[in-house]
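Each chain, letter by letter, is given below.
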Amino acid sequence: MGLLIDIDKCIGCGNCIPSCPFGLLEMVGEKVQVKDGCTLCGACQDACEYEAIRIEEVSPAATLGDDYKGVWVFAEQRRGKLKSVAYELLSKGRELADTLKTELSAVCFGHNIEEVDPLIAYGADKVYLVDSPALANFQEDLYARKLVELIQEHKPEIVIAGATAQGRSFIPQVAARLRTGLTADCTGLEIDPETGLLRQTRPTFGGNIMATILCPAKRPQMSTVRPRVFKKGAPSDKREGQIIRLNFDGEAITSQTRLLDFMEDLTETVKLEDADIIVSGGRGLGKAENFQLLEELAGVLGAALGSSRPPVDDGWIPYSHQVGQTGKTVCPKLYIACGISGSVQHMAGMQTSDCIVAINDDPQAPIFEIATYGIVGDLFKVVPLLIEKLKV
Amino acid sequence: MEYFLTEQQKMVKSLARRVAEERVMPVRAELDEKEEFPWAIMKDLAGADMFRVFIPEEYEGLGGGCLELCLVTEELSRACSSVAISYAASALGTMSLIEYGTEAQKRKYLPDVAAGKRLAAFALTEPAAGSDVSAIKTTARKENGGYVLNGTKQFITNGGEAELYTVIALTSPERGGRGASAFLVEKDTPGFSFGKKEKKMGLRASATRELIFRNCFIPAENLIGKEGMGFIVAMRLFDRSRPGVAAQAVGLAQGALEAAVDYARRRVQFGHPIISLQAVQLMLADMAIQVEAARALVYAVARTVDSGAKNFSEESAMAKVFASDTAMKVTTNAVQILGGVGYMRDYPVEKMMRDAKITQIYEGANEVLRTAIAFELRKRKARRE
Amino acid sequence: MNILVCLKQVPDTPDVKIDPQTNTLIRDGIKTITNPFDTYALEEGVRIKERYGGRVSAVTMGPPQAEQVLRDAISTGADDAVLLSDSAFAGADTLATAYTLARAISKLGPYDLVICGRQTIDGDTGQVGPELAEMLGVSFVAYVSRTEEISDGWLRVRRMVEDGYEVIETPLPAVITVVKEINVPRLPSLRGLTRAKSVAIPVWTAQELGIDPGTVGLSGSATRVIKVFFPQRVRRGETLQGDLPSQVSRLVDRLREAHLI
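Chains as they are written, first to last, in this note's numbering: chain A, 1 to 392; chain B, 1 to 385; chain C, 1 to 261.
These are computed hints drawn from the structure, not numbers from a lab.
Since this is a predicted model, take the numbers as computed values, not measurements.
Please note that a few of the clues may not be correct.
Computed list of lysine to aspartate or glutamate pairs in DMTMM-like fashion (alpha-carbon distance at most 20 Å, straight line) [unchecked claim]:
(1) A:Lys389 / C:Glu208
(2) C:Lys197 / B:Glu7
(3) B:Lys34 / B:Asp346
Looking at chain A on its own, in the form it has when it is part of the complex (with noise of 0.2 Å):
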């Protein structure tokens, strides 16, 4: 069980050498062997030209899937409002729904969970709608067993839920509870056109390497996608579709957990998850006292305000505001990234936006590489011009 090195077939080209993104294979005598910490990823079996490199495997068990059934996507509300990554996700699901010529159903839980209508505006044929007192507020516990017991039931072949604090949390435990695969953070999704499997790819090393993963064997396929990495389609009052009501057997299910307190970060103004534009800040702002003239510039704009990950370490602002791997994914139309370098972190969490500007006073700035407009310059002195042009 492992990576295989057939030293008859391998000529010692060691073009397979630079393909391992590990750089765990070397040339030793004149036949390449393979280091520890193998992760068995393939990426030298197709460089290898001669068929000299497999990797081999114990036969996976058979195939559960024909009997599952279905596109889910689980549609996430707080405190009675549906967000929007669901929408997100249900514009996504209709796509692979379509191709695979299935149904696409949205689940959700919560209490007193405004009107669900838009899901099935959204491209939902059916609405599973848990609605109970026991589930208002998000317990690991409780969402996990609900959803598992519905999946169990229903028998999905997909599932799909935001990577948002709640998802990230409770799909794994569903996982894990279905002894099946889960893809976090996936960035692209779509449906293998001869297997009919979901082809899921994700960012890994910080977004440096991408990788595109498959769950042959066990069902549902699961994945958590980061909101507004898809983008919402066009809702259709015309689409018709079903909501069942479900219920939340309280004293089956009990939570161990419990929640005795909630404290809202309010130096937040603009959402940014929800903002248009977004001034961010980052190293170069020096210190603290600098986001005020950022606050300034978003303030003129409308805008929130950002923040790449140096200046929330340092506490010049709270981490609601960090933008990037490890922080918040947004999809602003206009994201101005002042006195940020532009790392392989924060891109991940901010590259699909609309237009970005960027102001760094390094030319080689990666920021640049990515920037629709970039101005090379003190951003001291840039941003207060900008302040002064916008207000005229």
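Could you slot chains B and C onto chain A? The hints should help.
Then chains B and C, alone, in the frame of chain A:
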């Protein structure tokens, strides 16, 4: 250069370097600006067991010697000399107990110092007694059960922050060289207070204060060593601590050298980085030679001390003189190499130059040490005749 | 309190750079480190031990060199460690990893709390913590930013959500994942470093864990990586020219034309 450190010494040096780079460097400019005592860093040093380095194993220390103390001081000083001196002065203040303390005194005080719970300080200097140590006026009058201290100490490093003070005071002024004794005085002893914190040219984060004794009673068991041994204790302790001060100077010079090389590689003038200019190269080379020579001398002297040698005053003095003069030269040249930018407080070298000056003055002014060295030369030559 | 901390050895990903010309990894001197979020997990475990008494055990699943992560853990306060290493474990996805860890934790004996970092910087999934909790059948709380109190078999924590934080109570035993806001990890101590060098760290294979190799590693994984590629970075736009005021002017004009402002 390879100094053939033991595994233990290498571990001490590399951990000290981590503390210096991860905890000291990010805050050194702010500490200097605000003249704040680096308590958070003292806590980090305690957590890393750095205060155990100079305490014997029997008292919860790790039993290191002079070289280990020098390694830590040097690494800390490379980041910030104020932090280094706060650490080293505490070692000096504790050394009196380690070298001359009774079993009871060691058991009482050393474990807390090893754990970094209490800092120490050493108090000899007075307004009228700098280089002329014998001119001290603080008295310790014997009374039933103890001594009463009266007088003022000046320029005491860690004054006001430390809890344990080794104080040299006159017990029998008429006996001249045998007239003083060493005492352990704890902070908050009635009659013991502090003067204002001094505003200094450099080492600004280090706390320098006057100690004021007004009828301060201390119990007899706080006498360190025997009555009359005060000056001898002080001189011997300084011989032991001078390599540490020298190490502080070496670390300081090293930091300045690195900053200068780094800048010279990046600064472009006339189309080339200035490190390609021979004028700069010659300066950097001389700086590097001096730093390495100072380091080699300090380590050699530290090893001599650790070998159990009886007399090392001369070597100790040489190390301190050479290292401190080196630090002054190297830091000044570092500012020169950084040019206009080197003069600005946004860059670290002007602080290093300000910090360097005092190393030529305290713990034995270099002039005094030089005459002492010359005296030894004469003595040896005279004996041979 | 019996505390277990799960750690992982990862490449230092900021070092993972792509050569834009050849589109291959620049691999010179990529060093391995302990996953940074796991150092916060370990520090929290040690702080809880200092406050409430008990012991902290460090666990990692990885190739033999992952032992370094455990020695580093001991130098910063862990009492003991175990390395799960077997070629059968290679190629594991989060499901197989969680299963292997769960088996090891069961073998280690009774515990009160398992602490993990919120995600690794190579996999970035954040899935092992919750999956592990599910397999152990215990309570789970994610994104803990502060542990407030432990009493009567209950743990009270703060956990971060997008717009603030919640105060949650969970019964023990439990699994929690922590965020970097929770603490500042300590530096090693000299005594810790000395201990770390000499302490014996057992290595457990699939056999020691009593598990069938087909249920772990690549064979035990539900997901398969079928392709690995480097993301394309395409230069999108223009760097404005001229003096700063005219650059700013032109920028504002462009943005107004595009109805962005």
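- Does Lys197 of chain C pair with Glu7 of chain B here, judged by a C-alpha cut-off of 20 Å? Judged against 20 Å, a Cα distance of about 11 Å means the pair holds.
- Message: Next pair to validate is Lys389 of chain A with Glu208 of chain C; report whether the Cα-Cα distance is within 20 Å.
- Response: violated (70 Å)
- Task: Take a quick look at whether Lys34 of chain B and Asp346 of chain B sit within 20 Å of each other, Cα to Cα.
- Result: holds (14 Å)
Violated hint for the displayed structure: number 1, the only one.
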